[in-house]
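Novice: Protein chains in written order, with the UniProt record's numbering: chain A, 1 to 353; chain B, 1 to 353; chain C, 1 to 353; chain D, 1 to 353.
Think of the hints as simulated: they come from the structure by calculation, not from any bench. All of these numbers come straight from a predicted model, not from anything done at the bench. The reader is advised that the hints may include incorrect statements.
[What the hints assert, rightly or not] Part of the chain C face toward chain B, derived, beta carbon under 7 Å: (1) I19; (2) I24; (3) D110; (4) G120.
[What the hints assert, rightly or not] Now the stretches of chain A that chain D is said to cover, found in silico as 3 or more residues with beta-carbon under 8 Å: (5) 17-29; (6) 166-174; (7) 199-208.
Glycine included, each C-beta is placed from N, C-alpha and C at the ideal position.
There are 4 protein chains.
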Amino acid sequence: MFNLGNFLTLSTFGESHGIAYGGIINNFPAGLEVDLDAVQHQLDRRKPGQSAIVTQRKESDTVKFLSGIFEGKTTGTPIGFTIENENQKSKDYDHISQAYRPSHADFTYDQKFGIRDYRGGGKSSARETVNWVVAGSLAKQLLPENVEINAYVSSVGEIFCEKPYQDLDFSKTDSNDVRCPDAETAEKMIARIKEIKKEGNTIGGTITCVIKNLPVGIGEPVFGKLQAELAKAMMNINAAKGFEYGSGFCGAKMTGKDHNDLFNQDFSTKTNLSGGIQGGISNGMDVYFRVAFKPIATILRPQESVDKDGNSVTVEGKGRHDPCVLPRAVPIVENLAAFVLADLFLINRLRRI
Amino acid sequence: MFNLGNFLTLSTFGESHGIAYGGIINNFPAGLEVDLDAVQHQLDRRKPGQSAIVTQRKESDTVKFLSGIFEGKTTGTPIGFTIENENQKSKDYDHISQAYRPSHADFTYDQKFGIRDYRGGGKSSARETVNWVVAGSLAKQLLPENVEINAYVSSVGEIFCEKPYQDLDFSKTDSNDVRCPDAETAEKMIARIKEIKKEGNTIGGTITCVIKNLPVGIGEPVFGKLQAELAKAMMNINAAKGFEYGSGFCGAKMTGKDHNDLFNQDFSTKTNLSGGIQGGISNGMDVYFRVAFKPIATILRPQESVDKDGNSVTVEGKGRHDPCVLPRAVPIVENLAAFVLADLFLINRLRRI
Amino acid sequence: MFNLGNFLTLSTFGESHGIAYGGIINNFPAGLEVDLDAVQHQLDRRKPGQSAIVTQRKESDTVKFLSGIFEGKTTGTPIGFTIENENQKSKDYDHISQAYRPSHADFTYDQKFGIRDYRGGGKSSARETVNWVVAGSLAKQLLPENVEINAYVSSVGEIFCEKPYQDLDFSKTDSNDVRCPDAETAEKMIARIKEIKKEGNTIGGTITCVIKNLPVGIGEPVFGKLQAELAKAMMNINAAKGFEYGSGFCGAKMTGKDHNDLFNQDFSTKTNLSGGIQGGISNGMDVYFRVAFKPIATILRPQESVDKDGNSVTVEGKGRHDPCVLPRAVPIVENLAAFVLADLFLINRLRRI
Amino acid sequence: MFNLGNFLTLSTFGESHGIAYGGIINNFPAGLEVDLDAVQHQLDRRKPGQSAIVTQRKESDTVKFLSGIFEGKTTGTPIGFTIENENQKSKDYDHISQAYRPSHADFTYDQKFGIRDYRGGGKSSARETVNWVVAGSLAKQLLPENVEINAYVSSVGEIFCEKPYQDLDFSKTDSNDVRCPDAETAEKMIARIKEIKKEGNTIGGTITCVIKNLPVGIGEPVFGKLQAELAKAMMNINAAKGFEYGSGFCGAKMTGKDHNDLFNQDFSTKTNLSGGIQGGISNGMDVYFRVAFKPIATILRPQESVDKDGNSVTVEGKGRHDPCVLPRAVPIVENLAAFVLADLFLINRLRRI
């Protein structure tokens with residue numbers, strides 16, 4: 001209960017100021033020659049300290065596999081892994097150990113569990129996503145080789161990448177610090193984030209993810225619709241506030257006559273407002289979706305708040321925080337999507353006699 | 001696997017032209033005096049033929065409980081129920097039995113399962129939601145009595161209910177055919193739907209759902225965040241294209257300084273851009289979210305399409321279909337939310353020693 | 001939670017004096033031409049009133065499929081079914097409605113749920129097993145055709161079928177009322193049961209089940225070992241008190257030198273004390289196991305007992321009860337085993353890349 | 001899938017010659033002051049090298065908790081832990097790397113996964129049970145303090161502890177090397193095991209486990225019966241061949257008149273052939289069960305076998321192996337039972353409104 005995946009499952013643990021993060025992947029098929037460098041590469045894309053516009057915290061974020069892989073191949077038994085925490089500056093949190101930070105989980109954890117790890121976010125820290133990147137980048141390797149999963153930052157604050165995804169060259173996504181493949185927009189976004197950072201403020205944005213060459217048939221009819229499984233996964237990302245796929249919220253303004261995707265004779269469709277999914281099942285067209293991220297709550301400016309007893313206090317973010325979570329969230333979205341797809345891809349192999 | 005809920009679970013069956021729909025609710029606590037009229041009332045709100053702006057199909061949609069309730073009380077054992085299908089006009093579908101309807105699930109089901117129930121939507125039909133309404137309206141009775149779950153149509157096409165939900169009187173939601181509590185907007189929406197219906201077209205829209213008085217602590221830290229569980233449930237609704245909660249996609253344009261919800265001394269917050277959820281856990285403020293629905297795909301106009309062999313065909317919706325699914329989706333959203341909340345509410349009772 | 005199976009799952013409902021039993025089978029692969037007569041045949045083998053040595057209660061036990069099967073083939077969507085209750089003589093239970101019957105579940109249900117369906121066993125009735133027979137006999141059809149699952153009554157009270165299963169002709173199992181394929185032993189068993197019945201008493205026994213031609217590889221390494229899944233299923237049968245496979249409890253008296261099964265060059269083994277399972281995984285040899293059943297608790301003789309308030313009362317079984325549950329349990333064991341095997345068989349298809 | 005537990009779950013990883021074992025316990029309630037010494041004490045009871053009659057392999061088997069516990073209390077978030085492997089003498093296995101050992105899982109793993117960790121048992125090693133001891137000894141602390149779970153060796157080969165458990169002093173169990181609380185029987189058992197060891201042979205036996213003071217109501221009516229959950233757990237232990245509870249296989253020889261447990265006025269029962277469970281639910285009497293263990297397959301004598309290609313080979317166990325697994329299995333049975341009970345105990349809190 002409360003794992004990721006249905007057949008292929010990920011169970012995770014870890015807190016921001018604990019000893020280590022880690023997870024167990026169950027039911028990974030045997031015999032896959034795994035590319036562990038690819039896993040570490042994805043972790044490196046997520047890790048802090050990569051550029052001027054993300055947190056300057058340094059963590060090596062090295063994954064260590066403890067089981068399930070032998071002589072470079074998966075053995076079919078559970079894959080256990082850990083990522084050790086380093087460089088936890090618990091002292092950075094002394095000042096907030098008694099306060100509830102606005103729009104953080106301090107209050108709700110305290111209420112729910114009757115206990116709070118005051119050294120930082122504890123379990124609510126987005127550092128949990130290291131586990132997902134490990135599991136997702138392994139799971140990606142279960143999908144047919146030609147399946148491409150590309151996410152990119154499609155907006156930062158009010159700055160939107162106006163080009164449709166079809167006009168973007170995803171090989172450029174990592175060529176700039178903000179991970180928007182359109183160079184011009186990227187420049188504006190970076191400038192905006194630098195400005196925000198200088199103010200000790202933070203800013204939100206959206207990530208668009210495009211999946212190409214997904215086989216037809218992925219997704220389950222009722223409580224395992226492809227879009228629902230993707231939404232669940234994405235809405236578990238710490239700052240996610242919204243999810244839409246295909247025409248999304250815009251589609252809600254349209255009429256059926258304009259929204260329906262007419263078929264070509266090869267069963268592709270002339271348009272793709274459906275976002276590659278019909279009845280919860282992939283139809284062979286591009287699957288694309290968009291995730292909204294709020295500005296992260298830790299700002300380096302004084303804010304009024306309360307402590308555990310309801311006394312007024314002033315909190316001020318210290319330490320090394322991201323002014324904008326978006327660039328680092330790109331590999332999170334991609335690898336989380338990969339895990340969801342690999343799970344449903346495996347299951348689909350059992351749906352016909 | 002592929003049930004709704006984690007501890008309190010709903011397993012369902014049924015196809016649009018089969019004998020019956022039904023489901024099993026597992027782990028429903030014993031000893032609850034259940035209001036079965038309330039269940040039937042919710043089904044009646046969902047059923048076709050209620051007004052001029054929904055499908056004129058007539059089905060009594062009467063639920064029959066087969067187990068788990070004895071002398072008006074739940075016994076703690078599985079609650080089985082059925083809703084018989086009536087009035088299936090399979091003939092209405094003869095004309096499309098060989099064709100793949102645009103933006104329907106005909107093609108994907110055929111590809112996935114190698115078999116297609118050509119009598120209509122089969123398993124892909126939104127009639128499946130009768131099961132959810134039954135289960136959700138029972139589950140609602142597990143929540144503290146003061147928890148209020150109110151959904152309403154917040155937009156139809158380009159017509160939006162501009163008032164914030166705080167200014168609406170939810171007791172008015174059912175007072176008009178479109179289920180928008182603002183009479184003036186409702187009128188416009190109804191007019192628009194009638195227009196669309198006359199054209200044989202369909203139209204999309206959004207539903208907003210507001211949950212009041214939810215206790216603090218509902219939702220799980222990592223893969224069971226309250227917003228993720230709600231998103232998963234909502235994105236399983238047949239025409240849903242998007243989900244957002246709290247500030248949602250708008251929040252992605254904001255900065256942290258403006259987005260953070262400052263605490264009052266009673267731990268309520270001055271603003272509620274968080275949508276009543278921090279770190280995946282309810283914080284006692286209103287939980288609110290919005291679901292986007294596409295225009296349904298069956299339009300009563302000729303459309304070009306293909307058959308199973310890729311031959312060009314013309315399809316034209318016949319039968320009795322909804323020009324706008326939104327009014328009937330209001331009870332679906334509410335009761336589905338109720339089920340999700342009841343499941344997490346029960347689980348929360350186990351999270352402290 | 002609390003379903004049968006891991007991927008292929010069965011969720012059930014029903015009480016002995018309720019309206020109907022039924023279940024939902026999820027994730028049954030599409031495209032299987034199902035033999036529904038075979039299902040009804042298995043139900044008929046289980047049903048009461050078949051012979052002089054079982055209960056004379058009459059129920060037609062007709063299964064009705066409500067979904068998931070179209071034109072004789074599975075569609076891949078949930079298979080819903082019901083078996084209506086008939087001939088419930090609730091009056092038979094009036095005399096015990098206030099009493100706790102010895103070695104029944106009256107007391108524990110009352111304590112656990114705070115409510116008791118005094119019309120009979122309610123949920124604790126073994127009539128629940130009709131659901132398992134339906135699901136198991138369908139699931140059996142998913143296994144390779146040459147897989148044979150044969151159970152038989154191997155002891156009644158002190159009367160044991162001394163022949164090893166290899167010397168028995170399973171085609172004879174149903175040729176006598178007690179379902180022991182050895183005619184001579186069967187006769188003794190039947191005589192013993194008749195004697196017991198005359199006394200208003202009941203008697204226990206064991207069932208042995210033999211699975212031939214099971215492919216190698218079925219079962220999961222750690223928490224899904226084949227023997228553990230079989231044990232779990234069998235120990236859920238109402239009167240089951242023990243489970244052993246291969247050498248079982250006798251094996252516990254042996255030494256490794258004598259117990260080890262040496263390989264032939266074709267990887268079969270010279271002996272089969274392992275019971276066809278190594279490390280939780282089938283090895284291609286016969287899988288065989290034995291289930292112990294207690295004498296059922298309802299005897300047609302006065303017994304001292306207590307009521308809800310602890311007052312002494314005398315209870316005396318009335319109605320139509322089995323003097324020996326074993327003959328009717330044979331199809332239960334076989335079909336339950338079939339379900340477990342089909343589930344693990346499907347899963348095994350995903351364990352290699 | 002393939003975890004231990006339903007709500008409180010344990011997911012595990014590890015292979016005998018890998019880097020580490022470990023696990024994740026999900027949904028452990030927050031706020032429990034945990035006794036970690038008690039956990040290590042249980043591990044010490046299980047570890048090799050404790051006495052002359054178990055393997056002389058030395059491993060410190062030190063558990064390291066990585067998350068979920070803060071300042072001595074559980075936080076409600078997943079508890080991750082590892083136990084590092086030390087002292088793996090992979091060389092001990094060189095001689096068998098090409099051979100299939102009789103009654104081991106070499107052949108079945110190779111067939112199932114197409115890959116074999118030839119360094120030893122790999123995933124099939126009983127070293128996996130370290131994980132269960134950690135999880136179970138933590139879970140034990142969730143049960144009411146007066147719940148006592150005592151297992152002991154009740155037979156070794158043909159030597160049985162003839163005394164009923166009621167006449168045994170469980171505080172004596174650990175006072176001898178074989179863990180039988182009856183000193184006289186223990187002596188005989190130890191002598192027998194030493195003899196067997198000298199021969200390079202191994203021997204089987206049984207463990208009896210007695211649970212006192214379990215609250216009434218633990219266990220679920222249909223697919224979560226207490227005995228079924230215990231059976232499943234126990235039958236996952238590597239050498240387990242059989243499980244029985246209460247009267248068990250002996251009960252199968254009895255008649256109802258003799259087998260029924262009559263009530264006292266305080267709802268205790270005069271006898272307890274039921275083994276403390278009625279209808280799958282604990283009734284407040286002692287729960288007791290017995291597990292049969294085969295002699296372990298590794299014997300230090302030459303045996304004929306085959307290699308991967310079906311060629312005849314001779315294998316001879318080397319290294320340090322247990323002549324009798326029973327003494328070390330006592331803490332495994334106890335802690336595994338504790339986990340099962342804690343899971344069902346928590347769930348029971350949700351079964352009434």
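Novice: Indicate, hint by hint, whether the structure satisfies it.
Specialist: Structure-based check of all given hints:
| no. | hint | in the structure |
| --- | --- | --- |
| 1 | I19 | 5 Å, holds |
| 2 | I24 | 5 Å, holds |
| 3 | D110 | 10 Å, violated |
| 4 | G120 | 12 Å, violated |
| 5 | 17-29 | holds (count 9) |
| 6 | 166-174 | violated (count 0) |
| 7 | 199-208 | violated (count 0) |
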